[in-house]
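S.K.: Protein chains in written order, with my numbering: chain A, 1 to 253; chain B, 254 to 506; chain C, 507 to 817; chain D, 818 to 1128.
Hints are computed from structural coordinates only; laboratory data are not their basis. There may be inaccurate statements among the hints.
[To be verified] No more than 30 Å apart at the CA atoms, straight line, and that leaves these computed lysine-lysine pairs for DSBU-like:
#1 A/K67 with C/K677
#2 A/K67 with D/K985
#3 A/K129 with D/K970
#4 C/K535 with A/K228
#5 A/K228 with C/K757
This is what each chain is made of:
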Amino acid sequence: MLDAGFDPVGALALRMGDNALILGHRVSEWCGRAPVLEEDIALANIALDLIGQAQLWLGLAGESAGKTADELAFLRDAWDFRCLLLVEQPNGDFGRTVMRQFLFDAWHVEMLRGLCASSEPRISEIAQKAVREVDYHLERSSAQVVALGDGTEESHARMQAALDWLWPWAGEALVADPVDVALAEEGIAPAPEAVRPGWEATLRRVLGEASLALPESDFAHRGGKDGKRHSEALGHLLTQMQWLQRAYPGATW
Amino acid sequence: MLDAGFDPVGALALRMGDNALILGHRVSEWCGRAPVLEEDIALANIALDLIGQAQLWLGLAGESAGKTADELAFLRDAWDFRCLLLVEQPNGDFGRTVMRQFLFDAWHVEMLRGLCASSEPRISEIAQKAVREVDYHLERSSAQVVALGDGTEESHARMQAALDWLWPWAGEALVADPVDVALAEEGIAPAPEAVRPGWEATLRRVLGEASLALPESDFAHRGGKDGKRHSEALGHLLTQMQWLQRAYPGATW
Amino acid sequence: SPQEAAFQDRIDAGETIEPQDWMPEGYRKTLIRQIGQHAHSEIVGQLPEGNWITRAPTLERKAILLAKVQDEAGHGLYLYCAAETLGISRDDMTEQLLSGRMKYSSIFNYPTLSWADIGAVGWLVDGAAIMNQVPLQRTSYGPYSRAMIRICKEESFHQRQGFDIMMKMAKGTEAQRRMAQDALDRFWYPSLMMFGPSDAESVHSAQNMAWRIKINGNDELRQKFVDQTVPQAEYLGLTVPDEKLAWNEEKGGYDFSEPDWEEFFAVLKGQGPESAERMKARRDAWEEGQWVRDAMSAHAAKKAARREAAE
Amino acid sequence: SPQEAAFQDRIDAGETIEPQDWMPEGYRKTLIRQIGQHAHSEIVGQLPEGNWITRAPTLERKAILLAKVQDEAGHGLYLYCAAETLGISRDDMTEQLLSGRMKYSSIFNYPTLSWADIGAVGWLVDGAAIMNQVPLQRTSYGPYSRAMIRICKEESFHQRQGFDIMMKMAKGTEAQRRMAQDALDRFWYPSLMMFGPSDAESVHSAQNMAWRIKINGNDELRQKFVDQTVPQAEYLGLTVPDEKLAWNEEKGGYDFSEPDWEEFFAVLKGQGPESAERMKARRDAWEEGQWVRDAMSAHAAKKAARREAAE
Chain A
1 MLDAGFDPVG
11 ALALRMGDNA
21 LILGHRVSEW
31 CGRAPVLEED
41 IALANIALDL
51 IGQAQLWLGL
61 AGESAGKTAD
71 ELAFLRDAWD
81 FRCLLLVEQP
91 NGDFGRTVMR
101 QFLFDAWHVE
111 MLRGLCASSE
121 PRISEIAQKA
131 VREVDYHLER
141 SSAQVVALGD
151 GTEESHARMQ
161 AALDWLWPWA
171 GEALVADPVD
181 VALAEEGIAP
191 APEAVRPGWE
201 ATLRRVLGEA
211 SLALPESDFA
221 HRGGKDGKRH
231 SEALGHLLTQ
241 MQWLQRAYPG
251 ATW
Chain B
254 MLDAGFDPVG
264 ALALRMGDNA
274 LILGHRVSEW
284 CGRAPVLEED
294 IALANIALDL
304 IGQAQLWLGL
314 AGESAGKTAD
324 ELAFLRDAWD
334 FRCLLLVEQP
344 NGDFGRTVMR
354 QFLFDAWHVE
364 MLRGLCASSE
374 PRISEIAQKA
384 VREVDYHLER
394 SSAQVVALGD
404 GTEESHARMQ
414 AALDWLWPWA
424 GEALVADPVD
434 VALAEEGIAP
444 APEAVRPGWE
454 ATLRRVLGEA
464 SLALPESDFA
474 HRGGKDGKRH
484 SEALGHLLTQ
494 MQWLQRAYPG
504 ATW
Chain C
507 SPQEAAFQDR
517 IDAGETIEPQ
527 DWMPEGYRKT
537 LIRQIGQHAH
547 SEIVGQLPEG
557 NWITRAPTLE
567 RKAILLAKVQ
577 DEAGHGLYLY
587 CAAETLGISR
597 DDMTEQLLSG
607 RMKYSSIFNY
617 PTLSWADIGA
627 VGWLVDGAAI
637 MNQVPLQRTS
647 YGPYSRAMIR
657 ICKEESFHQR
667 QGFDIMMKMA
677 KGTEAQRRMA
687 QDALDRFWYP
697 SLMMFGPSDA
707 ESVHSAQNMA
717 WRIKINGNDE
727 LRQKFVDQTV
737 PQAEYLGLTV
747 PDEKLAWNEE
757 KGGYDFSEPD
767 WEEFFAVLKG
777 QGPESAERMK
787 ARRDAWEEGQ
797 WVRDAMSAHA
807 AKKAARREAA
817 E
Chain D
818 SPQEAAFQDR
828 IDAGETIEPQ
838 DWMPEGYRKT
848 LIRQIGQHAH
858 SEIVGQLPEG
868 NWITRAPTLE
878 RKAILLAKVQ
888 DEAGHGLYLY
898 CAAETLGISR
908 DDMTEQLLSG
918 RMKYSSIFNY
928 PTLSWADIGA
938 VGWLVDGAAI
948 MNQVPLQRTS
958 YGPYSRAMIR
968 ICKEESFHQR
978 QGFDIMMKMA
988 KGTEAQRRMA
998 QDALDRFWYP
1008 SLMMFGPSDA
1018 ESVHSAQNMA
1028 WRIKINGNDE
1038 LRQKFVDQTV
1048 PQAEYLGLTV
1058 PDEKLAWNEE
1068 KGGYDFSEPD
1078 WEEFFAVLKG
1088 QGPESAERMK
1098 ARRDAWEEGQ
1108 WVRDAMSAHA
1118 AKKAARREAA
1128 E
């Protein structure tokens, strides 16, 4: 299924980097618009962590092709991105942003824990740095899901709606594709099946505490991490994100 | 005030073309999202007319510099645009879109009538074609302002709010700047003072019938038609509009 | 019943049924469902193409695309009018769309991800639609038949425009060629799905054919579409994403792989990649437009009252 | 009154007033207005820079800008806390901002139109802010003074980052140089306005200076800002948009044109180019966030009740 020139380290780094980049971008869209000042600060913090991780992962992803992290971030079109569909989804209301973060963090932290034991030292090094940040992200988003799920009737309804809306995009990370299989075989990354139990346990624990009902369907959209069919939202995000680099090619900033 | 190489025909055509282009773009953002199907069709129609006019004006604007209308539309950054601030303003709700259209149409039709008598035949030719379309735009937007102003308590409040919100952007067209003065002196275009009476009469008549109160302040934002200070909204619009031409320079479509 | 037999005789004789004519309840219901679904498809179908109006690469392309999407809204209007002659209002149909009781073509639940997709939608999706619709010009219900005649005229124009975009892309830069191929890869099977599952599995086919609401079999039309489209793809220098595709001399048509019908049914259930977004867009438009529709009727009523008072 | 005299003596002796100390009502009110306005400025000030976070040209620039905007939110937080020690809640202050009774710095009503504007905001706007704020580290009210000490440390960092962007732009491509000059052209006079109208016209100056709420005169600070900034502009190869600008050997500073004070007062009235948008953004954030704030307090209350019940 994979072509001969498959570069496992690059493939893993690209997926991790694109997730961090695109989610970081989405979160940064909140700037100055959060419901409370403390949230403005916290969201900026998460965005900062994620952009920092994107720099590391994309730096690694570009190594073999001699590309910089910036070139990868700003000069690829949508189809060359390898982020999960979940992270591309528009922010929606604050509840949806929180829920998206939680669903991603719950996977992200398990994935990074697995990557800390990667056979590839450049990967485990980045993962060890990132996992400390993401532990905190998960702690925070879990607490928020619980607070907003528990809070008022309205907030509970909004959080359930957010969960129901996002659920079909949550599963992609946990369904193995040929790249995942190859990476697991080489000991580069944990297999999705190895990540799933921890992810599920987190979901059950937090959503239970938040009195939110886990949707029953296990249907999951696919096409983000393999780039085969992103959602329309990604292209619109790129028109903003890449504007300056596209409009003024070759300039340094 | 104007530099030696001032090209009056080009300057006029650029202003007219950019107005048509940017308002056409804004209107086209409604596609598939209007309150009734008939409005989807009507909005598309207006957008089409305006894009068509933009092609003519920008074609003329680029003549002396050997640039095509597409080059002008897709390869200038915000500061080189010469559209009124009014047309850049985001759509808001349907009422605001209608009001923006009406305020613009009321000026546009007077301006085009004046341009039909331009000393420059290439200008009067375009104006004569456009004025027939814009007569219809004004008729339509006037009827809508009246209907929505008259309709329900909610619609009346929304239309008054739209008028109040947009009013500070409505006056720019009617305040002469050095380019307007030069164009009027050369008989290329009517002076803003010549356009104002007709514009005001239309406003009084239609807003009166709609029982909407004309704001008292005559304060007008400036900086659009001279490009000195566009609003932040324009730059965001361009990231979408120009995306493909920026991302794939040199391709033909 | 004798009434039903007489009705069937008229249809068999090639006559046209008009709104004031008697018709069996099943005929009426089936038509409402079919015309309504078609009308909704035109409306929802504005969204994937509308997604690129603000990013169209040239002024001319933008104008062409705007005009096309406008035509689709017009088609929706004809079709809603045709359905209204059967005793259902446009608002009712809209409510049924938004509540999920009425469907629209599954193809519009797929995303448009590059400019080539706009070409592919014209070339493949309109191409498949035409293949479905041309025979329906001869359908038994008059208003529907007349709507289809108008629609088909415009659709073939759209299809040519779509093919023209594909040409430009396929003969363009390397990136453009890649976009064109990628669009074909993503839209091929969803286009084949547009003809519906194999006739063998289609429950209502026989009755609908007798009523001349359905004219051709799904498989027959799908075969025709493949036979027409494959040479066009070859002309464009693109590869149809089907390893089984081969000319079958004997049947005088191509052998090809069936689309993934599980995916088809999943998409019908609302699991298409953009299903949720499409419904949300329509629901938002409807809800946010409520005050406008209310105001317009209030204004019309006031105007009428004032006119009456003046008389 | 003797109380007031004793209060003034403490201030004159350079003592710091703390929340629990007695203070004149005018002192308290003026401080609330001044600190509140400063806090609101930090909050609204996130918007013009936030406008470019999603378009930052490199990952590093994006991170730096995010961190900066985050710092500003943090400054807002310190300042709201300082104001709260004077007996007004953050929510009250927010309501007053949204109803227009409290103001924020007029500079944030101007748009950021190119990436160079992000540089200009750091270089000029933060530069002017620092000039205003450094003396306030010695202000008489303890919590305010301590907030200013923290803030000034970060602001000078921001100003260097802004200047660094301007350097890159001014030494970059022709388009970048043009952006840099255009940014200076648009931000020069609004920056000069940040020091407020001439002291001659400032009503409360004398009392505020006696209270050490205001330390320096507006004109004095403006002169200092011009003297510091003009050589930096020259270093960047940019032209300050003031034909009257000239070094005055005698006074040891630059002569320069006054900003258009009519524009200043118009902007204060809400007629700045982006005034309406800024207020709308804050109002939307507040209104759309209501359910979140409600839920958070409800959850906190429930948690407390559960804890109590368990005890």
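S.K.: Confirm or reject each hint.
M.R.: Against the structure, the hints:
1. A/K67 with C/K677: It holds: about 29 Å lies between the C-alpha atoms, which stays within 30 Å.
2. A/K67 with D/K985: OK: A/K67 and D/K985 at ~22 Å, within 30 Å.
3. A/K129 with D/K970: Holds. A/K129 to D/K970 sits at ~28 Å (cutoff 30 Å).
4. C/K535 with A/K228: violated, 40 Å
5. A/K228 with C/K757: This hinted pair is violated, its Cα atoms lying about 34 Å apart.
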